[in-house]
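S.K.: Chain by chain, the residues run as shown.
Protein chains: 2
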Amino acid sequence: MNIKPREEVLKMPKYDPPLEGRRGKLRLDFNENPIGCSPKVIEMLKSLTREDIAIYPEYNKINEKIANYFNVSQNEFLLTNGTDEGIKLIIDTYISPQDEMLLPVPIFSMFEIYASIIGCQISKILYNPDLSFPTNNLLKAISARTKIIILANPNNPTGTDINENDILKILKITNKKGIVVLLDEAYYDFYGETFLPSINKYMNLIITRTFSKAYGLAGLRLGIVFSNSQNIKFLRRVLSPYSVNIIAVMAAMVALDDEEYIKKFSNMIKINRNIVKRELEKLDLKVYPSHTNFLITDFGNACEYVEKELKKRGILVRNRSNYPLLKNCLRIGIGTEDQCEKLLQAIKDIIIKWRKNH
Amino acid sequence: MNIKPREEVLKMPKYDPPLEGRRGKLRLDFNENPIGCSPKVIEMLKSLTREDIAIYPEYNKINEKIANYFNVSQNEFLLTNGTDEGIKLIIDTYISPQDEMLLPVPIFSMFEIYASIIGCQISKILYNPDLSFPTNNLLKAISARTKIIILANPNNPTGTDINENDILKILKITNKKGIVVLLDEAYYDFYGETFLPSINKYMNLIITRTFSKAYGLAGLRLGIVFSNSQNIKFLRRVLSPYSVNIIAVMAAMVALDDEEYIKKFSNMIKINRNIVKRELEKLDLKVYPSHTNFLITDFGNACEYVEKELKKRGILVRNRSNYPLLKNCLRIGIGTEDQCEKLLQAIKDIIIKWRKNH
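As you go down the protein sequences, you meet chains A and B in turn.
At position 35 of the first sequence (counting the first as 1) the number is 35 in our numbering, and the numbers step up by one without a gap.
At position 63 of the second sequence (counting the first as 1) the number is 63 in our numbering, and the numbers step up by one without a gap.
Just to be clear, a hint being listed does not mean it is correct.
Heads up, the list lumps identical chains together, so a pair's fine if it works in one copy or across two of them.
Taking lysine-lysine and the DSS-like style, the derived pairs with C-alpha atoms no more than 30 Å apart in a straight line are [to be verified]:
#, residue 1, residue 2
1, K264, K308
2, K277, K4
3, K312, K353
4, K327, K342
5, K201, K342
6, K282, K264
7, K25, K65
8, K172, K46
9, K25, K46
10, K40, K348
11, K25, K177
12, K169, K65
13, K25, K277
14, K263, K46
15, K61, K353
16, K277, K46
17, K11, K233
18, K25, K124
For the record, the hints were derived by calculation from the structure and aren't laboratory data.
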């Protein structure tokens, strides 16, 4: 007899397998670091021994380093197997089927997927048409059932940020009601503003960070969840004891030591982001403001054509047309000066070709 | 205001942090591979590039290799972040709070922890006093609420196996009732018998395997969940898309190619296990039968003393006294001939010293 999954699992959307075969291409589609991590991480990998990887991971040293680096105490964060596990952990710890999640959309898709495993109510609040954050609509949507609000600052895939005062307003109201605020700061390194110093002021604030973007370690899977020590104590009960692999740990040790590398990389991305935006605008394309390492650009009817033609030239970008508000939009990652030049030249050629025929 | 976790989380046992500082010791306490993985894995690590680790993991090649190696189709398994994630995934997919888990004890502790996150009823069935499997008591315990039965063959920490006919009897009865049978074969490589060819005969059978034991890759976190394609389809909906890191993937590619290494290692462990058992018995110690890479040995009142004295000599073993049926028992891992000699010499010295004074 077939074994029956939980009702919530039966209702879940079908599996959409991750994309493959991206090596060797100009990867501007997943908001990764397109040149990679600090070279010192690669040096470290060469020194790994059989003992290093035969032992279940140990976390003492990395916990010490992270506490120092982010200026928090060791019981105010925990490491997760990418931010994905962090999000799932927060939902598993706090959310019951009868609860409600307020989810501004469009947003990173894993929030909805993990919430649908639990089977809680997911109430979506649409971003404003200019992709600015819908603060008032979000506040109006809070109900007696609301248990968690998702904020991403800056947000993927919109690229836009949330005004500091708006976050404060949300935190103050939700803190009184005991509503969890999950603030994802995955793109912090390209932005520079953080609520990390507020984790002990707002007891309902939980912040996630990742090593998958600026740090160039997406393949190793490492995220951090920050909150006050009381929340972390509960989250730790639900966390698997060995969920972060030892190579992610050792790579993060080295990467955090090479702070200069991340700073230089992030600065380069910010400069190149502005150049690419300006050049795309010269082509009469609508480019939304961005505080991340990507640009949302509206290509109108040419959207799919541009995506495919770029792919033919070995340049990968992400078509986000199926997302609310993002019809005809491509999400385009920012890389080095050379990578941006290659991208811009290709887009110009493609657009000129398209306009000749339309 | 403090945010309140789910009731089930509040009831969970306090966090017991993993042990640290085990490097450089003779590690016979976690059933790891005490000499490590195939040297070819270490060679592979030296060739890793920044691109390898900057990209979100891709699984096509490893899925192909695993399908071939284990003679299953690509939709009959999935990779997990260690067996830990596999167990959690199975529970998250199939078990609701109103369900019952039948759990033979003593057993690997994560089954109970993940079940208690869900808050389902956990009904424990005690192993027999000789640490053989309590088949009849288990079958008698099946109720209308039973949704999952955990089997570990061979089992940690008892070291004992389950008779093939008993497993068949359990599978036949549970298959008719739609009860999930989670069969953990983590120690398969030291045992040699598997129900993998039966995943399409018993639709309720889900099998887990790990690269943390014989393969010597505990630090990298890689497990496999096998079942029929219908079950895997549902499990995949709940699985995080990038939960396995790329280095675990690349290491497994190399490790599976070096089949000879695992065979030689497992054979060595089996031979040394018998030698250590015989030598411990010569000291008038009760040693339970084992089909794994460890031996459960009853040290009577000397148990804690032996554990501590071994630790002073840099030899780590695991005191399992707090587990049901295992009062005064140490779980002792098996290593190379040299490692076993060192262990036995130390135990002999310690026991002689103890007996002089007691």
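S.K.: Each hint: holds or not?
M.R.: Tested hints:
For the homomeric pair K264 and K308, neither the shortest alpha-carbon distance inside one copy (32 Å) nor that between copies (51 Å) is at most 30 Å. Proximity of K277 and K4 under a CA criterion of 30 Å is satisfied in neither setting, with 51 Å inside one chain copy and 44 Å between copies. Proximity of K312 and K353 under a CA criterion of 30 Å is satisfied intra-copy only: 14 Å inside one chain copy versus 76 Å between copies. In the homo-oligomer, the alpha carbons of K327 and K342 lie at most 30 Å apart inside one protomer (25 Å), although the nearest pairing across protomers, at 69 Å, exceeds that limit.
Neither within a single protomer nor between protomers do K201 and K342 lie at most 30 Å apart by alpha-carbon distance, with minima of 46 Å and 55 Å respectively. Proximity of K282 and K264 under a CA criterion of 30 Å is satisfied intra-copy only: 27 Å inside one chain copy versus 66 Å between copies. Taking identical chains as interchangeable, the C-alpha atoms of K25 and K65 lie at most 30 Å apart only when they sit on different chains, with a minimum of 24 Å there against 34 Å within one chain. With identical chains, the CA atoms of K172 and K46 are never at most 30 Å apart, being 49 Å at best within one copy and 50 Å at best between copies.
For the homomeric pair K25 and K46, the shortest alpha-carbon distances inside one copy (25 Å) and between copies (23 Å) are both at most 30 Å. In this assembly of identical chains, the alpha carbons of K40 and K348 never lie at most 30 Å apart, being 37 Å within a copy and 47 Å across copies at closest. With identical chains, the CA atoms of K25 and K177 are never at most 30 Å apart, being 48 Å at best within one copy and 51 Å at best between copies. When the C-alpha separation of K169 and K65 is checked against a cutoff of 30 Å, the pair qualifies neither within a copy, at 33 Å, nor between copies, at 53 Å.
Taking the closest pair of Cα atoms, K25 and K277 come within 30 Å of each other only inside a single copy of the chain (22 Å); across copies the shortest separation is 56 Å, beyond that limit. For a Cα distance limit of 30 Å, the shortest separation of K263 from K46 qualifies both inside one copy, at 25 Å, and across copies, at 27 Å. For the homomeric pair K61 and K353, neither the shortest alpha-carbon distance inside one copy (56 Å) nor that between copies (37 Å) is at most 30 Å. In this homomeric assembly, K277 and K46 never come within 30 Å of each other (Cα to Cα): the closest approach is 39 Å inside a single copy and 39 Å across copies.
Taking the shortest Cα distances, K11 and K233 sit within 30 Å of each other only across copies (13 Å), while inside one copy they are farther apart (32 Å). Proximity of K25 and K124 under a CA criterion of 30 Å is satisfied in neither setting, with 35 Å inside one chain copy and 53 Å between copies.
Checked against the numbered hints given earlier, this structure breaks hints 1, 2, 5, 8, 10, 11, 12, 15, 16, 18; the rest are met.
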